[in-house]
Amino acid sequence: MSDAAIIFEQVRAPMLGGDSHLEMDLRIGSGEWVACVGPSRAGKSLMVELAAGLVVPESGRVLVLGQDWRQVPDDDPKSVRLRVGVVLQQPGLLSNMTLFNNVLLPLRYHRGSIPDRHREQMVMSQLERLGLASLRDRFPAELNQGEARRGAIARALMLEPDLLLLDDPVAGLDADMVVELTTYVDEWRARRPLTVLAALRGWSPFVEAADRLVVLHEGRVAADGTRDAVGEMVPAPLRRYVDKPVESCRMER
Amino acid sequence: MITWVGRKTIAGWTYLAALATLFAQALLDLLMPARQGRGETFRVLIRQILFTGVDALPVTTVMALLLGIIIVTQAGTQLPRLGAGALVGSIIVVTVIRELGPLVTAFIVVGRSGSAIATELGNMSVTREIVALRLMGIAVGRFVVMPRMVGMVLSMLCLTIYFDVVAVFGGYLVADAQLTIPLDAFAGSVVRALSTTDVLMTVLKGLGFGSAVAAVCCYHGLAVRSSYTEVPQQTTRAMINSFVLCLLFDVVVTVPLYL
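Those protein sequence lines, which keep their order, are chains X and V.
At position 247 of the first sequence (counting the first as 1) the number is 246 in numbering that gives the first Met the number 0, and the numbers step up by one without a gap.
At position 38 of the second sequence (counting the first as 1) the number is 37 in numbering that gives the first Met the number 0, and the numbers step up by one without a gap.
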């Protein structure tokens, strides 16, 4: 139990519209990088929202870093919430703050003891690493989708979480930037233990880098395992979400 | 019909209870601040005071001056015919300091800041900024609602007092220029008519209107769920309900005291 970062224990939760349900019994180990792929309306975003504590399951329970979200108060300064970084499909950068201040916000709010200068250096180094330094004074409305998403990921990592939950992190990013982002997350994992659960629409270098692949289809886990193992067990109609597109292979050559 | 009335009554009380809960929670957050995030929350509070209070000074000044001029012009031309020319000071106390000052200030604040708060929070809900704050472990009540409410209440109180002072000054301008009432006579008339109760009522109304408007506008802003079309709808509701609640509060505190 203790080495699991997330446990979906016989979880049942209604999907958008309420016609169908996500049903899941899954365990994600501490330090694992898990990519969850599948077609639209498979329940990928719901899985992330359950893990983030935004949705309460109808039945079953979700344990994150050993705690049930239902028992976690919203404003507890020692809450498990601060050990979980989350980026949803909508990055949620605060529109009245610049990108720099957005990324700085969690540090300012929760790490008041760190000197201003040091906090600002921490933010700038992350923005530089993600190629966002020149955009530091822009407001979210002046950023494109990919820039806003990268900013949100930097913000989610500022408190050095143990668990990173990402919903469609590569949407709006060009191919080079996806590789950059993958390397960026990988670097974080090399520095300190970090479990990653990312919901993605299909194959990308981000999926390629994952230790484990979970394929969702109509609210159920259709396949679960390493990329090679999943490639063999996944039904043919879902293979395109797992396999590298032929075009990508050709371009690499 | 009875069912309809019953439903509406229950809905009205439920709404008032929700507003009271929101206000009580903000009060708790103010009186028992969390250790973390004090600096950030204070920044939000200062921004709110600047926007609601300081930025509203020009429009408040103009409206207060004009109102003072209108009231003293009307009173100064009508009262002497009745042999009550000395009551000009009384009139401005009764109409402006007791009633119109707090009410017009509340209407200015609702139009400027109340609508802005409802719209801002509504947009924050749609773009999932509110959710993002929760996910960062930032309590929405402490960081978003409380500083806006406190900022609005303080600003409303200060603006109300400022409005009264400027309106009386506007009245004096007319009294001096057209009615040839000297400053000492005008001021003496105002001071004689002004009681401690009037001052306390102005303060009470400033605080009450501020609380009501802030609670209503935050409530409706946060009531937006998932669509941008909800934002103007909730903003309109917030403004109308703020006006109604201010008038209701005014009646509740005025009638028992002056009737």
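Hints in this document: simulated from the structure, not taken from any laboratory.
Honestly, I wouldn't trust all of these hints.
Some chain V residues judged to face chain X by a derived CB distance under 7 Å, without partners named [unchecked claim]:
no., residue
1, G36
2, E39
3, L65
4, T76
5, P79
6, R127
7, L134
8, M135
9, P181
10, D249
Keep in mind it's a predicted model, so treat the numbers as computed, not measured.
A virtual CB, placed ideally from N, CA and C, is assigned to each residue, including glycine.
Hints, one by one, checked against the model:
1. G36: holds, 4 Å
2. E39: For E39 (chain V), the interface hint holds, since the closest Cβ of chain X sits about 5 Å away, which is under 7 Å.
3. L65: Cβ of L65 (chain V) sits 33 Å from chain X, so the hint is violated.
4. T76: violated, 49 Å
5. P79: violated, 54 Å
6. R127: Because about 4 Å separates R127 (chain V) from the closest Cβ in chain X, which is inside the 7 Å limit, the hint holds.
7. L134: holds, 4 Å
8. M135: This hint holds: M135 (chain V) lies near chain X, its Cβ roughly 5 Å from the closest one there, short of 7 Å.
9. P181: violated, 50 Å
10. D249: violated, 33 Å
Checked against the numbered hints given earlier, the structure breaks hints 3, 4, 5, 9 and 10 and satisfies all the rest.
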